[in-house]
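Going down the list, the protein sequences come from chains A and B.
Each residue of the first sequence is one higher than the last, beginning at 1 in my numbering.
Each residue of the second sequence is one higher than the last, beginning at 1 in my numbering.
No lab work stands behind these hints, which were simulated from the structure alone.
Predicted model only: the values in this text are computed from it and were never measured.
Honestly, I wouldn't trust all of these hints.
Pair ranges (Cβ atoms, derived) [unchecked claim]: (1) A:Glu111 <-> B:Arg61: 14 to 24 Å; (2) A:Gly144 <-> B:Leu372: 31 to 41 Å; (3) B:Phe210 <-> A:Gln39: 19 to 29 Å; (4) A:Gln39 <-> B:Ala351: 29 to 39 Å; (5) B:Ala72 <-> A:Leu15: 34 to 44 Å.
The calculated PhoX-like cross-link candidates involving lysine-lysine, where the alpha carbons are at most 20 Å apart (straight line), are [to be verified]: (6) A:Lys8 <-> A:Lys60; (7) A:Lys29 <-> A:Lys60; (8) A:Lys60 <-> A:Lys90; (9) B:Lys390 <-> A:Lys8; (10) A:Lys91 <-> A:Lys29; (11) B:Lys394 <-> A:Lys8.
For every residue, glycine included, the Cβ atom is placed at its ideal position computed from N, Cα and C.
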Amino acid sequence: MSIKEMLKSFFLVDLMKGLWVTFRHQNPKDLVTEQYPLQRPEISDRFRGQPRLMMDADGKLLCTACGACALACPEKLIKVSSVKDAETKKKVLTEFDFDIGRCMFCGLCEEACPSGAIKLSPDYELALYSREGLQLHRKDLEDGLERKVYEK
Amino acid sequence: MIPYILQYLHSDVTPGEAGNVFWMVVYVLLTFAGVSIGVIFMNWFERKVMAHMQVRLGPMRVGPHGLLQPIADALKLIIKEDLTPASADKLVFWFAPVCVVMTAFCTFIVVPFGRTHAITDMNIGVVFMVGVSSLGVLGVIMAGWASNSQYPLLGSLRSGAQMVSYEIAMCMAVVSAVMMTSMSGEGTLSMIRIVEAQLHQHVWYAFEFFPVGLTALGVFSIAMIAETNRAPFDLPEAESELVAGFHTEYSGFRWSLFFLAEYAGMMAVSAVAVTLWLGGWLRPFPNWLGGARWDTVFSLAPGLTFLLLAALCVIYTVRMAALRVMRANAIGLAAFGAVLGLVGLVCLLPAVRVRVQDIYWFVVKVGFFMYLYVWYRSTFPRYRFDQLMKVGWKVLLPISIAVVVLTALVGVRDELFAMVWR
Chain A
1 MSIKEMLKSF FLVDLMKGLW VTFRHQNPKD LVTEQYPLQR PEISDRFRGQ PRLMMDADGK
61 LLCTACGACA LACPEKLIKV SSVKDAETKK KVLTEFDFDI GRCMFCGLCE EACPSGAIKL
121 SPDYELALYS REGLQLHRKD LEDGLERKVY EK
Chain B
1 MIPYILQYLH SDVTPGEAGN VFWMVVYVLL TFAGVSIGVI FMNWFERKVM AHMQVRLGPM
61 RVGPHGLLQP IADALKLIIK EDLTPASADK LVFWFAPVCV VMTAFCTFIV VPFGRTHAIT
121 DMNIGVVFMV GVSSLGVLGV IMAGWASNSQ YPLLGSLRSG AQMVSYEIAM CMAVVSAVMM
181 TSMSGEGTLS MIRIVEAQLH QHVWYAFEFF PVGLTALGVF SIAMIAETNR APFDLPEAES
241 ELVAGFHTEY SGFRWSLFFL AEYAGMMAVS AVAVTLWLGG WLRPFPNWLG GARWDTVFSL
301 APGLTFLLLA ALCVIYTVRM AALRVMRANA IGLAAFGAVL GLVGLVCLLP AVRVRVQDIY
361 WFVVKVGFFM YLYVWYRSTF PRYRFDQLMK VGWKVLLPIS IAVVVLTALV GVRDELFAMV
421 WR
C-alpha cells in the first residue's frame, strides 16, 4: 500500500466522497418523482396504450375493413366485420371488436394496417372495475378514452 | 405555595439544585414533551431528508409536504392490534419496551439545555448519562429473549455484543474531554460544569489541543452511532437478514415505544457530544466575534430563525393556494406559519431572548448531529458483523486510548518540560 492510499484510507476519503454524493442530490431540482394524479406524466407519441380507430380530416373512418390487423394479431383478439356496399363494390366496416384484456400492446396490428386506421394511442389509464369493459367495440375505439375527473 | 413557586424565578440555577419540586416537575414534563416533539419531528425530517438524498419526494400527502405524516403514523400505530406471541415470556415481553423507553428518557435528567434549563445538575452527570444509556441494551436483550423467536434473539445478541464493545471506545473519548476540564481549576463530571469550563477556557473541547479534541469527538461520534444501533451499524435490526431484529415480534403501540426510545437515545448521545465537545449551550464564535454587541446579535438568532420558517410557510402558502386541490393544505400551512411567526416575534423580546438563546444553540447543535445520523444512514451500506467488531476493537479502541494518553501528556506539558529542563 502506497503512502497516498494509506492516507486516503486513514482520512476516510472514500466515505467523504459518498457523503458528498448524497449531499449534492438533496437539490430539489434533482427530483424525478411525479405526484401522479396532480402531475401527469408526459407520454411519448410512440407509447402503445389504448387502441384507437383513426379518422381523416373530414371525420371519416380510415378503416377499409380489410382485416389485415386481425390476421396480424398474434392473440387473434381483433374481429372485423363488414358488409359489401352494393354500389361501390367496396367493403364497409360494420363492427370492430377489440379484446383489450388479451392485448399485449405489441403493435403488430398497427404495422399491418395499410391505411393507418388502427393506432395504439398514448392514453395509458386503462384500469377498469369489470371485465366487460375490456371488450372494446367500434364506438369505444372511435371515441377513445374519456378521462374521468375526480373531485376531492 | 405561591411564594414557593415564585421564589425559584429569582434564582439562576437549575430547579434540581434549587431543590424546588414544583419547577422540577414542570421541567421534567417540558423536557419529556420537548423530546417527544423532537422525535415526531425527526420522524418527518429523516424520511424527508433521506428521500431527497435518494432523489425522491418523501411524504407529501398528509398535510403540506407531509408535515402531519408522523401524527398519522402515530394514530395508526395506536389503533393497531397489539400482539403478544403465544410462546412469549409475557412479563418480560411487556417490560422490555418500558425498560428501553425509561432509560432513553432518564438520560435527559442531566442534559443541560442552558445554564438554568436542565432538570438537575448532577456532579456525576456524564457517568450517569453513559451508565443509564448503556442500560438500554438490557431492554433490547429482554425484548429479544422474551419474544421466544430466532430472529429477535439473534438481533439482541448482536446488539449486546455491539453496544458493549463500542461502549469502551466511547467512554475513553469521554474521559479525554473530562480530563480537559481540569485545565481550569478542578476537573468535573457535571454536564453544566463541563460547559462552564469550556466558557472559562475560551475554547470548545473539539478544538482543544488540536487535533486531540477533534479526534476524541470523531471517535465518540462513530461510537455513538453504533451505540444507538443506527445505520451503518444497524446490525441488530438488519432487515435483510433479521426481519426487524429484536423488535420483530412487537407491533402497534409497543413497537412505537421502541421507535420513540431509539430516537430519544439518538438525541441523548448527541446531547452528550454537544455538551462535551461543542460547547453545549454556548453560542458559536465566542472569541472571534466576541463582545456585548455580538452577544446581542447572536441572541437575535432564535427569533430570526422562527421568522425565516414563517416566511417559508408564507411562500409555500401562496404557491399552494394557486392549486385548487391544495387549498385545505394551504390554510393549514398559513396557520402554522402564523404560529411560527408569533413565536419568532416573542423570541425577539429582550427578556425572552436572553433565556431562549441557550436552548436554541443547544438544539441547533443537536440538530446538526441528527442530520449527520440521517446523512450517514442514506449514504453508507451496512457493515458486516466481523467488520463491525474490527472497527470497534482494532481501530476505535486504540485510537481512543491514544487520545486519552495524549490529552494527559499535552495537559501536563509545562510540568513535563520543567522536569526535563531542571
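Quiz item: How does the Cβ-Cβ distance of Phe210 of chain B and Gln39 of chain A compare with 19 to 29 Å: does it lie in that range?
Solution: violated, 51 Å
Quiz item: Hey, Lys60 of chain A versus Lys90 of chain A, does the alpha-carbon distance stay inside 20 Å?
Solution: holds, 15 Å
Quiz item: Does the Cβ-Cβ separation between Glu111 of chain A and Arg61 of chain B fall within 14 to 24 Å?
Solution: violated, 42 Å
Quiz prompt | Satisfaction of hint between Lys8 of chain A and Lys390 of chain B, Cα-Cα up to 20 Å | solution = Distance of about 19 Å is within 20 Å: holds.
Self-check item: Distance restraint between Lys29 of chain A and Lys60 of chain A, which requires alpha-carbon spacing of 20 Å or less
Solution: violated, 46 Å
Exercise. Starting from Lys91 of chain A, check that the Cα of Lys29 of chain A is at most 20 Å away, please.
Key: The hint is violated at about 56 Å.
Quiz item: Is 29 to 39 Å right for how far apart the beta carbons of Gln39 of chain A and Ala351 of chain B are?
Solution: At 48 Å between Cβs, range violated.
Self-check item: CB-CB spacing for Leu372 of chain B and Gly144 of chain A relative to the 31 to 41 Å hint
Solution: Check failed, 53 Å falls outside 31 to 41 Å.
Practice problem: With a cut-off of 20 Å on the C-alpha distance, tell me whether Lys8 of chain A and Lys60 of chain A pass. | Solution: Between Lys8 of chain A and Lys60 of chain A the Cα gap is close to 73 Å, so the pair fails against 20 Å, i.e. violated.
Exercise. Would you mind confirming whether the straight-line C-alpha gap from Lys394 of chain B to Lys8 of chain A stays at or under 20 Å?
Key: holds, 18 Å
Quiz item: Quick one: are Ala72 of chain B and Leu15 of chain A within 34 to 44 Å, going by C-beta?
Solution: holds, 35 Å
The structure shown violates the earlier hints numbered 1, 2, 3, 4, 6, 7, 10.
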